[in-house]
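J.: Residue numbers (the numbering used here), protein chains in the order written: chain A, 1 to 233; chain S, 1001 to 1194.
Calculated directly from the structure, the hints in this document are not laboratory data.
One or more of the hints may lead you astray.
To be verified - Per label pair, the in silico range of CB-to-CB distance: (1) Ile-82/A - Asp-1094/S: 27 to 35 Å; (2) Asp-91/A - Gln-1042/S: 23 to 31 Å; (3) Tyr-1181/S - Asn-113/A: 18 to 26 Å; (4) Glu-1063/S - Glu-83/A: 32 to 40 Å; (5) Tyr-1155/S - Ala-172/A: 43 to 51 Å; (6) Thr-39/A - Asp-1061/S: 24 to 32 Å; (7) Asn-220/A - Gly-1189/S: 16 to 24 Å; (8) Arg-1060/S - Ser-111/A: 23 to 31 Å; (9) Glu-1063/S - Glu-74/A: 42 to 50 Å; (10) Gly-1189/S - Leu-184/A: 23 to 31 Å; (11) Gly-1189/S - Ile-218/A: 45 to 53 Å; (12) Ile-1127/S - Asp-91/A: 20 to 28 Å; (13) Asp-1094/S - Leu-123/A: 38 to 46 Å.
The beta carbon of each residue, even a glycine, is placed where N, CA and C say it ideally should be.
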Amino acid sequence: MKKLSILILLTFGLLLLFSGCKNEQLDIEQNLQPYYLLTENTCSFPCWMGITPGETSYPELKEIIDQLVQDYAEKGVAITYIEEPFSKHIDQILYIYAEMPGSEVYIILDSINIVKEIKIIFLNTPTVAEFAENYKAPDNIGICMAHRYAHTNLVYDGARVLTKKELPNYDAETGLISIEDFYLNRVDEVQLRAVPQNKHYDFTFDWEDMAQTVFIDINNTDPNSDCLGRFQP
Amino acid sequence: MKTNTKPIKLILVLALTFSLLNGCVKPEPVAPKPTVQVPTDQDPVKQRILDAVFKVANIRDFEGLSVSVYWMDPYVIMELEHLYKLEDLIKKPDKFIKLEGDELEGKLDLFAQIKAEDIELVPPDYIRTEIHRFYLVIESAEEGKLYEFLLWGNYKNFIVNGTHIRPNQKFLDIIMPLLNYDARLDIRGYSEWF
């Protein structure tokens, strides 16, 4: 009887304790940056967690995703996903949308049910500097130009990280576009695609170059560029 | 021998209370949201956009408020003769979502992040054409349309409350909380247009 009353007291106390911690837990999740999705990758980009754009078929993808959900559940990380059909009338999956702490991931399939692209979104949009510090510095910075907009990518082997696009800083007198405070720019998404590597951008800079303002002459793009106007390679 | 359990119980209760009070970070007291101040001395057209944006950011009562989103799949390229006009898009969208009342709570806060320097007007002489493929409207039962966001002017410009502005991703980011996962993906597709 005495033991029972102690047990009841203990349970009651623990319940109180956990309910009191709820707000703190929520704050942690709201500020979480999902670098673990990159640092714990089990294969080389553009392959991600065993899913390879251009190779992995839908049945294989389903198996991998289910395993991923199970593996992370064992680590205490909840992953949920939804399959988005191509349309109500066609029995085909257009993409899988997965929610993970601090992130959402789209795995997009092509018309023959092979993975075409993976988008990993950092919901709490870190700055470029934070991203490089917590993951790693990119191999270089690739820029595609479109209507004076500089689409800047952090280029890694097999992956690229898109940054947020802001209004262009164009000087009509010199005809130059300037990119200021690049390290404070925000990360938009990690993009993994089945495209050949060694693509050429309109402009390429070293990571260190971006520490200061860089100037771009839009009439002097790389002649071997694979940038297609507003679409990136 | 009979053990007196009262001190044990007391210690347990005290220990739990202590850990409860100290083990968790106390939540910040909920303060009323500060009112967003509208900067003035702008171009009057730009000022109207800012007024609309900040009016939305300052909404506290969601009763009678709704957000409707109509859009086409960004990857479907239409023939020129089938260019969509707003009334066609509203009548026959590929996709549609609507949020109402309390569903909007906390989802309009990012509107406060728009600054005057985020808005660059497109000179009227440069406006050639409009194709309407994505339309978001925030409406109040009392005041009617408060904020309209429409894609596209000249295939790349944004149209906010009828005014053409240069595309700036911030205007897409502020509406993201209002969209479902499918609309968010399509907006990402559309952001490749500029």
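J.: Taking the CB of Gly-1189/S and the CB of Ile-218/A, does the distance hold inside 45 to 53 Å?
T.: violated, 25 Å
J.: Do Ile-1127/S and Asp-91/A keep their Cβ atoms within the hinted range of 20 to 28 Å?
T.: For Asp-91/A against Ile-1127/S, whose Cβ atoms are near 44 Å apart, the range 20 to 28 Å is violated.
J.: Just to be sure I understand the hint, the distance between the Cβ atoms of Asp-1094/S and Leu-123/A should be within 38 to 46 Å; is that true here?
T.: violated, 26 Å
J.: Does the beta carbon distance between Asp-91/A and Gln-1042/S stay inside 23 to 31 Å, or does it fall outside?
T.: For Gln-1042/S against Asp-91/A, whose Cβ atoms are near 53 Å apart, the range 23 to 31 Å is violated.
J.: So the hint says 18 to 26 Å: do the beta-carbon atoms of Tyr-1181/S and Asn-113/A match that?
T.: At roughly 20 Å between Cβ atoms, Asn-113/A and Tyr-1181/S fall inside 18 to 26 Å, so the hint holds.
J.: Given the hint of 43 to 51 Å, is the C-beta distance from Tyr-1155/S to Ala-172/A inside that range or not?
T.: violated, 23 Å
J.: Is the gap between the beta carbons of Glu-1063/S and Glu-83/A within 32 to 40 Å?
T.: Check passed, 36 Å falls within 32 to 40 Å.
J.: Go ahead and decide if the range 23 to 31 Å is satisfied by the Cβ distance of Arg-1060/S to Ser-111/A.
T.: violated, 47 Å
J.: Do the beta carbons of Asn-220/A and Gly-1189/S sit within 16 to 24 Å of each other?
T.: violated, 30 Å
J.: Lying within 42 to 50 Å: is that true of the beta-carbon distance Glu-1063/S to Glu-74/A?
T.: holds, 45 Å
J.: Starting from the hint 24 to 32 Å, judge whether the C-beta atoms of Thr-39/A and Asp-1061/S obey it.
T.: Distance hint for Thr-39/A, Asp-1061/S is violated at roughly 45 Å.
J.: A range of 27 to 35 Å was offered for this pair. Does it hold for the Cβ distance of Ile-82/A and Asp-1094/S?
T.: Since the Cβ atoms of Ile-82/A and Asp-1094/S sit about 18 Å apart, the hinted range of 27 to 35 Å is violated.
Going through the hint list in order, the structure does not satisfy hints 1, 2, 5, 6, 7, 8, 11, 12, 13.
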